[in-house]
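Visitor: Using the sequences plus the hints, can you model the full thing?
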Amino acid sequence: MNIWYFNHYAGGPGIGKFARAYNLGQAWMRMGIETTVFVARFHHLLDSDTPLPETKTVDGLKYIGLNARPYKGNGTKRLLNMLDFCMSIFKTTPEKYQLSKPDVVIVSSPHPFAVFPAFRLARRYGAKLVFEVRDIWPLSITEITGTSSFHPFVLLAGLAERFAYTRSDLVASLPGGAEPHMRKKGLARGKFIHAPNGVVANNPLEASAPESEVGQAAADKIREWRSQGRVIIIHPGAQGIPNALDRLLDASAQLNTRGLKDRYGILLPGSGGTTAQLVAQARELDLDNIAFFSLVPKTEALWLTGQCDIGYAGARNHEALYQYGISFNKIMDFMEAGLPVVLPLAAAGDPVTASGCGIVTGSDDPVRIAAALERLIGMRADERHAMGARGRSFVRQHYDYETIAANYLEAIRNAR
Numbered sequence: 176m177n178i179w180y181f182n183h184y185a186g187g188p189g190i191g192k193f194a195r196a197y198n199l200g201q202a203w204m205r206m207g208i209e210t211t212v213f214v215a216r217f218h219h220l221l222d223s224d225t226p227l228p229e230t231k232t233v234d235g236l237k238y239i240g241l242n243a244r245p246y247k248g249n250g251t252k253r254l255l256n257m258l259d260f261c262m263s264i265f266k267t268t269p270e271k272y273q274l275s276k277p278d279v280v281i282v283s284s285p286h287p288f289a290v291f292p293a294f295r296l297a298r299r300y301g302a303k304l305v306f307e308v309r310d311i312w313p314l315s316i317t318e319i320t321g322t323s324s325f326h327p328f329v330l331l332a333g334l335a336e337r338f339a340y341t342r343s344d345l346v347a348s349l350p351g352g353a354e355p356h357m358r359k360k361g362l363a364r365g366k367f368i369h370a371p372n373g374v375v376a377n378n379p380l381e382a383s384a385p386e387s388e389v390g391q392a393a394a395d396k397i398r399e400w401r402s403q404g405r406v407i408i409i410h411p412g413a414q415g416i417p418n419a420l421d422r423l424l425d426a427s428a429q430l431n432t433r434g435l436k437d438r439y440g441i442l443l444p445g446s447g448g449t450t451a452q453l454v455a456q457a458r459e460l461d462l463d464n465i466a467f468f469s470l471v472p473k474t475e476a477l478w479l480t481g482q483c484d485i486g487y488a489g490a491r492n493h494e495a496l497y498q499y500g501i502s503f504n505k506i507m508d509f510m511e512a513g514l515p516v517v518l519p520l521a522a523a524g525d526p527v528t529a530s531g532c533g534i535v536t537g538s539d540d541p542v543r544i545a546a547a548l549e550r551l552i553g554m555r556a557d558e559r560h561a562m563g564a565r566g567r568s569f570v571r572q573h574y575d576y577e578t579i580a581a582n583y584l585e586a587i588r589n590a591r
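Residues in the sequence shown are numbered from 176 upward in steps of one, following our numbering.
Some hints here could point you the wrong way.
[Unchecked claim] Here are the simulated lysine-lysine pairs, PhoX-like style, with alpha carbons at most 20 Å apart:
| hint | residue 1 | residue 2 |
| --- | --- | --- |
| 1 | K436 | K396 |
| 2 | K303 | K252 |
| 3 | K192 | K247 |
| 4 | K192 | K266 |
| 5 | K231 | K276 |
| 6 | K266 | K276 |
| 7 | K303 | K276 |
| 8 | K396 | K360 |
Since the hints were made in silico from the structure, they are not lab data.
Please read these numbers as outputs of a predicted model, since none were measured by experiment.
Guide: Okay, structure coming up:
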């Protein structure tokens, strides 16, 4: 079997921060499945601002870089970058990249528009089409950003969603409870599989001590706080509107008024559209036990996570969206690191509740967030370790990429 896996924002070692495509590809290759990952040569989640080469091999897994123009932010150029990626899929041929014809075309949906050229490609070569759902579009857009359901972009995303569910041979969903929603949009019975994000247990490629100046500074802050006997809370990565870190800062202000200021520190290595506002908010609230650092490489972020005591999975509580489940990479990373997790929302089938590895507040209300953090800060270290260990055991049993890849492959083989 030969799999072509299209993911606009694919990552991996030396590529970018989200390694799902890499981890699945490695697992499939160990099963004897030829796998090629197609990724935009430029996207905002790459490790470098330099566009990827047209071809690159990482640990035996071949990446093909498809042309897509550079962009910054969420403006017109980012939309054109999406269009470029889709047009590049249309032009993809085995001869162009010296590949065998695909038996399976997987198209992942950080945005859903690539399903149109992927469908044409699959039909051209008689391959099965698998639509992989990371976020439920356009519901994610309308819920998280408040965009009108009648906005042209939302209407186009809805068209792509219905097309994908009705024309694909299989739909693989990262959120575990999404099938009822998909069935309402045209997905046939028997064409759904839950294929979540996962972990690679004890993988030395996944975490490494900081070499970057920023990573070393963050590590120094951890050592300083550790010497002071503080409990260290971390939220690595994106600092955008969906992450709702303003709620975390408001919760921190409440903890400080209760005399807890010197008992904990919050580490925020990352960046995003709200970073400047968050820094200003921390200054206004006199939150000098919060440390901001710019984005660090994923391997360093994982190492920093492993040195902390509590993982905070920042998000706003969008009930209409999260009733279908969640697919946060951050939660998987926290659980693999053995950290207790604070999850400030209510979601169907969330792994924190299922494993008992943290506190699910059911709300993004700062009062509830503060209560959850206060409870964990007040625990003995061995109690927190035991809670985190439950998460690590659970995620390795149920979210190991080898198992996910094997189940995924079986569903592909059985797809009709």
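Visitor: With reference to the structure, classify each hint as holding or not holding.
Guide: Hints, verified against the model:
1. Between the alpha carbons of K436 and K396 the distance comes to roughly 16 Å, so the proposed pair stays at or under 20 Å and holds.
2. Between K303 and K252, the direct Cα distance comes to roughly 32 Å. Violation of the 20 Å bound is thereby established for this hinted pair.
3. Our distance criterion of 20 Å between C-alpha atoms is met by K192 and K247, whose separation comes to about 17 Å.
4. Between the alpha carbons of K192 and K266 the distance comes to roughly 27 Å, so the proposed pair goes past 20 Å and is violated.
5. Our distance criterion of 20 Å between C-alpha atoms is met by K231 and K276, whose separation comes to about 19 Å.
6. Note on K266 and K276: the hinted pairing holds, with a Cα-Cα distance of about 14 Å set against a maximum of 20 Å.
7. Distance hint between K303 and K276 is fulfilled; the C-alpha atoms sit about 12 Å from each other, no more than 20 Å.
8. Proposed proximity of K396 and K360 is contradicted: the alpha carbons are some 49 Å apart, above 20 Å.
The earlier numbered hints that this structure contradicts are 2, 4 and 8.
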